[in-house]
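*Asks:* Chains Z and B supply the protein sequences, listed in that same order.
When the count follows my numbering, it moves up by one through the first sequence with no breaks and lands on 252 for the last residue.
When the count follows my numbering, it moves up by one through the second sequence with no breaks and lands on 103 for the last residue.
Keep in mind that the hints were calculated from the coordinates and are not lab data.
Where is the CB? At the ideal position from N, CA and C, for every residue including glycine.
Among the hints, erroneous ones may be present.
[Claimed, not checked] With a straight-line cut-off of 27 angstroms between C-alpha atoms, the simulated DSS-like cross-links for lysine-lysine are: (1) B/70 / B/96; (2) B/81 / B/34; (3) B/96 / B/81; (4) Z/246 / B/72; (5) B/34 / B/88; (6) Z/246 / B/74.
[As the list claims (entries may be wrong)] Listed next, the stretches of chain B that the computed footprint assigns to chain Z, with coverage defined by at least 3 CB atoms under 8 angstroms from CB atoms of chain Z: (7) 17-31; (8) 42-48; (9) 53-59; (10) 74-86.
[To be verified] Examples of chain Z residues toward chain B, derived with CB under 10 angstroms: (11) 37; (12) 38; (13) 89; (14) 97; (15) 104; (16) 106; (17) 109; (18) 110; (19) 231; (20) 234; (21) 235.
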Amino acid sequence: MANYIEPPKLMRSAFPSIIELTRRAVNAWHRDGIPTMVGGIGYTLMGLTLVPFRTPYHAFSYAMLWICVIVVHSLGETVIPGLKARFTYRRTGYVAPVNLDSSLIESDFISITEPDFNEAELREEQRRVLRARQARALVALGIVLALVTAAGDVSEQHHNLFAFSAVMVMVAFLTKPSFYRFTVLEFLGCPALALLIARFPIARNRGIGLLLILLGLFSFSRGLIVFIRYMQKTSAAVP
Amino acid sequence: MKSSLQELASLDRLIHEPSRLMIISLLFAAKEADFLYLLRESGLTQGNLSSHLSRLEAAGYIEIEKKFKGKYPLTVCKLTQNGRKAFENYTRKMRAISKL
């Protein structure tokens, strides 16, 4: 037993599939909690843009919110890799995960990851992935339309703003699965929950803003806990 | 059956080696990965990993780029189009052999 050498991870787990390895790469990207923390800061900032405005559905307020979404998203593209370079890469290494959805569309990927697939099954899988994407886009559209309906007395100008928001959300979900990954519950959940608050006779914008701030802080603290645990676990790995 | 058996001889030996197969599988499942990630996931030693990477790079299956993320240097490895095709061919052949 003394001479027993522990086999490498991949060998130990009895030939993990490519899909499994892909999931590991995705998990490696999220295991330090930095994307969650940055997301939380983003939602808090978004909430802060709404709180100061008293008038329900103030156009400027919503414009600020969506400008904030774009800015936070763009910052996320630079801030997250910057923070990861500072804390993560030298501890557990750098990996850029593949976009699993688009990879599944490529027949070669799926034929390798799922050796028993035949052509018919492959086409069915491709259709399933496309349907899932369409459903995702419809959910985004539905929630934005629900917001418009909830507003009731919104002017044409506000409708245009909502339409712009809907298009932006859909484009984001269809083209950015990494963005989708950490925002589907929080980002879509926020306006949906905010609808409930908006129905009460209180300043609607403030309700939405406060909810975004609360969820942002929750997301940030969750990410922070993951980050602290990650730092403790990997402190020995720092060269 | 005979033709499938002959496939055994045409297997890409460069990929067939277990450590290199591990490396290529890891890179196939990611856009790119650095040396440390491959080291941790594969469980190989630094020297071993380095020599396998050099062989794969010499064969044109992977690209190795030394770059900076922030202030930190990274040795980033990426599967080339040739490498991707070679891995796909390898898995197809192995699948054919397994149906013997």
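*Asks:* Would you mind marking each hint as holding or not holding in the structure?
*Replies:* So, going through the hints one by one against the coordinates:
1. B/70 / B/96: violated, 36 angstroms
2. B/81 / B/34: holds, 7 angstroms
3. B/96 / B/81: holds, 23 angstroms
4. Z/246 / B/72: Distance ~22 angstroms between residue 246 of chain Z and residue 72 of chain B Cα, so the pair holds.
5. B/34 / B/88: holds, 15 angstroms
6. Z/246 / B/74: holds, 23 angstroms
7. 17-31: holds (count 5)
8. 42-48: It holds: at least three residues are needed, and the segment 42-48 of chain B offers 6 whose Cβ sits within less than 8 angstroms of chain Z.
9. 53-59: Violated - the segment 53-59 of chain B has 0 residues with a Cβ nearer than 8 angstroms to chain Z, which falls short of three.
10. 74-86: Contact hint for the segment 74-86 of chain B vs chain Z: holds, 4 residues under 8 angstroms.
11. 37: holds, 7 angstroms
12. 38: It holds, given that the least Cβ distance between residue 38 of chain Z and chain B is near 4 angstroms, below 10 angstroms.
13. 89: Not OK, violated: residue 89 of chain Z not within 10 angstroms of chain B, min 16 angstroms.
14. 97: Holds. Min distance 7 angstroms.
15. 104: holds, 8 angstroms
16. 106: holds, 3 angstroms
17. 109: Because about 4 angstroms separates residue 109 of chain Z from the closest Cβ in chain B, which is inside the 10 angstroms limit, the hint holds.
18. 110: holds, 6 angstroms
19. 231: violated, 28 angstroms
20. 234: violated, 25 angstroms
21. 235: Since the shortest Cβ distance to chain B is 24 angstroms, the answer is violated.
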